[in-house]
Amino acid sequence: MEEFFTYAPAIALLPLAAFVVALVFGDAMPKKGAIAGIFATAGSLGLSLLMLAAVASGEVHHETYYEWAVGDTAGHTAAEGIAFTFGILIDPLSALMLVIVSLIALLVHVFSLGYMNAEGEKGLPRYYAELGLFTFSMLAFVFADNLLMAFMFFELVGLCSYLLIGFWFRTKSAPSAAKKAFLVTRFGDYFFLVGVVAIGATFGTLAFAGDGSFVAEAEAALDGGETLFGFDAETWITITGLLVLGGVIGKSAQFPLHTWLPDAMEGPTTVSALIHAATMVAAGVYLVARMFGYYALSPSALAIIAFVGGFTALFAATMAVVKDDIKQVLAYSTISQYGYMMLGLGVGGYVAGVFHLMNHAFFKALLFLGAGAVIILMHHEQDMWKMGGLKNKAPVTYYTFLAGALALAGIIPFSGFWSKDEILYDAIILGLESNVFLAAYAMGLLAVFFTGFYTFRMVFLTFHGEPRSDAAEDPHGIGWSVKAPLVVLGVLSLVAGVANLAPVGKLLDLDIMFLEGWLDGEYGGLEELTYGFYGDMLPYETALIGGSEETTLLVAAALSLGLAFSGAGLAWKLYNVPEPTEHTQRLGGARDVLRSNYYQDEVQVWLAEGVTLPVARAADRFDQTVIDGVVNGVSSVSLFGSSWLKRIQTGLVTNYAALLVAGFIGLLLVLGVYGGWFL
Amino acid sequence: MRFEPPNVTEMNEWIAVGMLAFVGLLIPLGMMAVSYLIRPSVPETSKRATYESGEVPTGGTRIRFNIQYYMVALLFLIFDIETVLLFPWAVVYLDAVESDAVSLAEILGPMLIFVAILLVGLAWAWRSGAVQWARSPFQVEAEADRP
Amino acid sequence: MFPIELSEWAALAPVYILVLSAMVLFVFDSINPRTTNRAFLAGTTTAGSLAALAVAVWFLLAGVGTPQADGGFGAISLFDGQLVVDQLALFFIVVVTVVTSLVSIASYDYMKGHTYQAEYYTLTLLAATGMATMAASNSLVTIFIALELASLPSYALVSILKDNRGSIEGGLKYFLIGALSSAIFVYGISLVYGATGFMQLDAIAENLDADYGPLLGLGILMLIGGFAFKTASVPFHFWAPEAYEGAPAPIAAFLSSASKAAGFVIAFRVFTTAFPLEPTASVIGVDWTVAFIILAIVTMTIGNFAAATQTNVKRMLAYSSVGHAGYALIGLAGLGAGANDVVMGAALMHLFVYGFMNTGAFLFVGLAEHWGVGRTFEDYNGLSAKAPIACVAMTVFMFSLAGIPPFGGFFSKYFLFTASIDAGLLFVAAALVINSALSLYYYSRLVKALWIEEPVLERESLSQPVGLYAAIVFAAVMTVVVLPGFGPVADAAVDAAAAVVA
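Protein chains in written order, with our numbering: chain A, 41 to 719; chain B, 7 to 153; chain C, 73 to 574.
One should not assume that every hint holds.
[As the list claims (entries may be wrong)] Below 30 Å or equal to it, Euclidean Cα-Cα: the simulated BS3-like pairs (lysine-lysine) are:
(1) A/Lys-686 <-> C/Lys-520
(2) A/Lys-162 <-> A/Lys-212
(3) A/Lys-613 <-> A/Lys-426
(4) A/Lys-426 <-> A/Lys-523
(5) C/Lys-234 <-> A/Lys-686
(6) C/Lys-458 <-> C/Lys-520
The set of hints was computed from the structure by calculation and includes no laboratory data.
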């Protein structure tokens with residue numbers, strides 16, 4: 041199977057080719073570039089599946105393709121210098137992610153036929169070109185074999201999402217949302233870049249895997265008790281890890297850099313599906329999983345990841361409760377769900393986090409595409425209060441959306457339940473030993489209730505009850521290109537949990553935890569990038585309720601399932617009526633706080649205008665007066681000197697002769713005195 | 007303690023040179039200063055007129071001379087210097103011919119080339135009108151340059 | 073590939089070819105006075121200088137001047153050491169003949185309609201002969217004769233536009249300052265002769281006598297004066313702005329490139345051969361490099377500062393040419409600190425590249441004069457709209473003169489910079505950088521005028537004289553391609569320098 045790896049670069053290059061084709065020939069093509077994109081992503085999917093098969097057969101691909109700079113480092117491995125390369129690393133994790141990304145991208149492309157082409161949008165070649173570039177960047181980011189290459193494509197992903205969010209750049213809100221997304225994520229990426237430089241400078245390598253990977257170097261430094269840049273090794277690893285985490289928090293929309301994501305709804309819904317499920321937001325969590333070995337060396341960094349994740353999960357879930365726009369609800373649910381993944385990774389649940397990443401990709405893509413279908417049905421109306429009663433008029437949309445909603449809410453046996461349960465299990469066994477993790481677990485658990493509530497509030501308001509507007513009375517039809525992706529994703533949302541039925545496996549003592557085995561390298565993989573290897577590195581102590589794994593499992597599952605059901609039940613009681621009314625009034629003052637998203641935007645605006653702006657003004661003033669003053673002073677002195685020198689040239693040859701002789705005598709005096717000729 | 011006369015030989019010889027220059031400047035300057043102090047000053051127009059050996063001056067001093075004088079003088083100078091070079095050559099010529107160390111071509115050749123170059127120059131100068139005393143209007147016309 | 077099997081005197085073949093071409097023109101003009109057969113005149117000049125160039129390059133490749141230990145023929149000494157043909161001489165003969173051929177090609181159009189056509193080309197060839205002989209001179213007497221052979225035709229060439237006041241004025245000033253400088257130079261020669269008893273450079277080096285230290289020092293200083301005049305270095309530079317401004321543009325190019333290079337070659341040869349650094353310093357009590365350090369800094373500073381606010385393009389180029397003389401002086405200022413061949417090699421490289429870029433820049437001014445667009449920066453406004461190719465070439469020259477990569481001027485200046493740092497001349501290196509920065513100001517002013525500014529008046533379409541265009545474009549191409557081809561040039565320059573400083 042090894043020969044398949046020859047085609048690995050093509051996985052990313054195919055969408056790049058689609059980008060070029062759509063950009064250059066898009067206008068002349070029948071579907072304005074969609075066909076090229078579909079073929080390219082289908083090709084990527086096929087190749088990714090081949091890679092998956094190849095990895096399953098025990099092969100791993102790790103190769104450097106291009107070395108573009110070599111230099112010296114100041115770190116403790118300075119002897120060898122540092123090489124900046126482009127390379128591909130295909131191991132179980134990246135092979136899995138490649139499949140997910142290319143699958144979602146393919147489905148989004150197909151869905152776009154119905155969502156964009158059929159609706160007669162303008163600028164479609166640009167749309168498909170940007171989609172292609174987006175897919176390319178994400179795929180290349182996924183198989184990057186070093187941190188710098190990952191950073192570069194991470195940035196490219198950010199750029200593409202900026203372009204796509206601002207696709208309708210003639211409206212007022214879209215460009216503003218695009219700028220916000222770009223700037224907020226850039227703020228995080230700034231720390232990421234500093235982290236990349238710090239890691240490169242410290243360990244002299246940026247490779248994820250291999251003998252000389254920075255993870256291995258860091259572990260060696262830790263074991264050797266070395267001092268790095270004036271810190272002991274663990275502190276320094278924590279600092280650099282947290283710097284990289286800055287980029288993750290920005291991209292994966294974790295508190296406090298999550299504010300861009302709800303605004304990003306200004307882009308086409310297909311783009312939202314891609315951003316939320318498989319590309320932009322997923323990139324952050326994937327990066328943590330990719331360099332999990334590095335974080336595993338630093339318990340502090342992991343604790344921070346877990347706590348931020350738990351907090352974000354709850355925080356975002358509460359905000360989702362009061363939203364009226366269907367896409368807004370989904371946006372906050374995304375933030376919340378990525379919080380779960382961070383929580384899972386933070387508590388050492390590498391498999392659980394990746395598992396949830398995969399499941400979330402399926403059901404969130406499904407929900408967004410479903411929302412897109414609803415928006416088509418509703419003639420581009422997004423306010424849930426104007427919907428209702430779509431259940432009978434669009435059954436395919438309804439049932440697939442429902443599948444996604446059940447998965448999101450974590451109802452057994454949909455995929456979301458299995459992964460969320462596993463995360464919470466991993467959290468509780470740590471939480472019994474440590475208060476920080478207990479707090480994180482508690483927040484995650486509480487968020488389950490809110491998740492169930494807002495999910496079904498959305499479902500009931502949209503599909504149940506009586507139609508509350510003319511559009512809902514007479515929905516627009518939808519075509520196969522919309523339905524097909526929904527069905528595919530609906531099925532996946534239902535069954536994807538089979539990949540890792542951990543509770544069932546443990547209770548019945550069956551070996552059905554395929555994903556865990558996959559990520560543990562049972563089928564093949566790099567030894568230092570496996571779950572088991574990470575597990576050995578983790579310094580955590582765990583405890584079990586009553587000392588029994590089964591009891592703990594059952595208690596945790598029962599708790600989360602119970603909360604999910606009660607949330608869903610509350611929604612059912614309040615909103616599954618023919619004429620639902622707004623109950624948010626009952627929340628009183630809390631409603632305003634929630635509606636305003638805890639005034640997060642206001643705080644950030646205040647930070648920008650109240651703190652950054654004065655500093656920038658002061659810097660500008662310094663630049664204008666001191667720096668420019670010196671520069672201008674030098675230039676005016678030069679020009680003044682020039683006009684003065686010009687005047688020596690009087691035009692009278694006698695003056696020249698005099699000056700010439702004077703200059704000569706001056707030189708004579710200097711040399712004569714210096715050489716002692718006059719003595 | 008015994009009195010020692012200054013050792014003249016230890017003095018820098020440049021002092022003598024400097025003194026010579028100093029005295030050389032002092033004498034003319036002194037003469038000019040003395041004459042400036044003792045002469046009477048009676049300004050008068052005719053005293054300021056150009057001195058032309060007693061004749062009444064006609065016109066200004068800035069008139070054009072015929073350049074032909076200088077042309078002929080230059081040509082003469084060139085051939086004069088040629089003679090200076092030819093003379094020592096002629097003196098050693100016979101001795102050189104008799105010696106076996108150098109061939110005839112080496113003795114004669116360079117000087118013939120030298121004279122030939124001069125002759126080319128002379129021919130050119132002649133043809134260019136350097137020795138022509140006056141010019142026809144046609145020739146003058148042809149020399150007018152582009153403004 | 074064995075030129076020397078002909079005979080030893082054949083080593084001077086490039087010079088003979090130049091003389092012969094001049095003679096042909098003399099004969100032709102004698103037969104047909106006041107001829108206006110521009111094709112024949114310019115053709116003969118170009119053919120003559122190209123032939124000389126070819127022979128010089130052939131000699132260089134065949135190994136004339138390469139030490140016999142390295143399989144070459146060694147330096148060839150002629151007329152009892154009065155002349156010597158080595159790598160240094162051949163390198164500069166190449167520079168001189170390249171510039172001469174560019175100038176003669178460009179003059180074909182420039183001199184159209186002027187009188188004294190034959191005289192113009194003949195004098196150019198004779199001046200080139202003088203410069204080539206300067207490169208090969210190895211005795212103070214031959215140096216002086218060659219220097220005068222180069223200078224006298226130059227005076228006449230500057231003032232060849234007899235009805236143009238600027239031309240006459242520039243020529244006269246050039247002549248007067250030249251006479252003064254020659255006087256100082258000859259005085260210097262006599263003092264050196266008095267102190268050592270020899271004219272031949274190697275013999276001088278063997279007879280440095282401590283008894284006449286100050287006398288020799290004064291003589292050396294006076295020699296420096298003569299070289300400074302020829303290279304237009306401060307304080308002997310006063311003739312340069314007026315002479316370049318008044319002279320026909322190709323002649324200005326010729327003087328500021330070839331004549332300057334020739335001035336440098338004799339300076340290099342005299343100071344490395346006749347006055348080896350340490351023996352001389354022990355005799356005169358001071359390193360003569362001090363004089364060159366002062367001259368280099370002052371020259372580049374005054375040249376560039378005076379150029380900064382000029383309004384007349386040709387005058388700006390004239391001052392910039394003074395500034396570049398300051399850069400090349402680093403080649404002498406940096407000697408004695410170890411890497412002598414690198415320092416001087418850098419100066420040789422700079423003069424080589426300068427031969428192309430500066431000649432090209434002056435030829436562009438000649439093109440502008442040919443069009444009659446005027447002389448100031450404003451007059452050049454928006455020329456790019458009418459003559460894009462020439463303006464691209466001019467832009468290349470300007471940026472190369474300023475020392476911006478990827479043009480040839482960057483490399484030579486960079487080598488000078490590193491060489492001066494290696495030699496420990498931090499002040500000189502700093503002055504080089506500051507002046508280069510300043511020079512970018514006025515060079516880019518011209519580029520801005522060409523490309524960005526709107527023309528003051530509407531222009532008719534401009535003619536495209538073949539000769540001028542060919543010369544400018546060739547110079548521009550060479551300015552660019554010396555970048556990839558810099559290896560051989562750099563090697564040749566360093567070898568040539570190593571041969572004399574060793």
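To see whether the hints hold, each was checked on the structure:
1. As the CA atoms of A/Lys-686 and C/Lys-520 are separated by approximately 23 Å, the hinted pair is consistent with the 30 Å bound.
2. For a cut-off of 30 Å, the pair hint linking A/Lys-162 to A/Lys-212 stands: about 17 Å separates their Cα positions.
3. A hinted pair counts as satisfied when its Cα atoms are at most 30 Å apart, and A/Lys-613 with A/Lys-426 qualifies at roughly 20 Å.
4. The straight-line distance between the Cα atoms of A/Lys-426 and A/Lys-523 is roughly 23 Å, inside the 30 Å bound, and the hint therefore holds.
5. A distance of roughly 27 Å separates the Cα atoms of C/Lys-234 and A/Lys-686; the hinted pair therefore holds under the 30 Å criterion.
6. In summary, the hint linking C/Lys-458 to C/Lys-520 is supported, as the alpha carbons are separated by about 15 Å, within the 30 Å threshold.
Of the numbered hints listed earlier, not one is contradicted by the structure.
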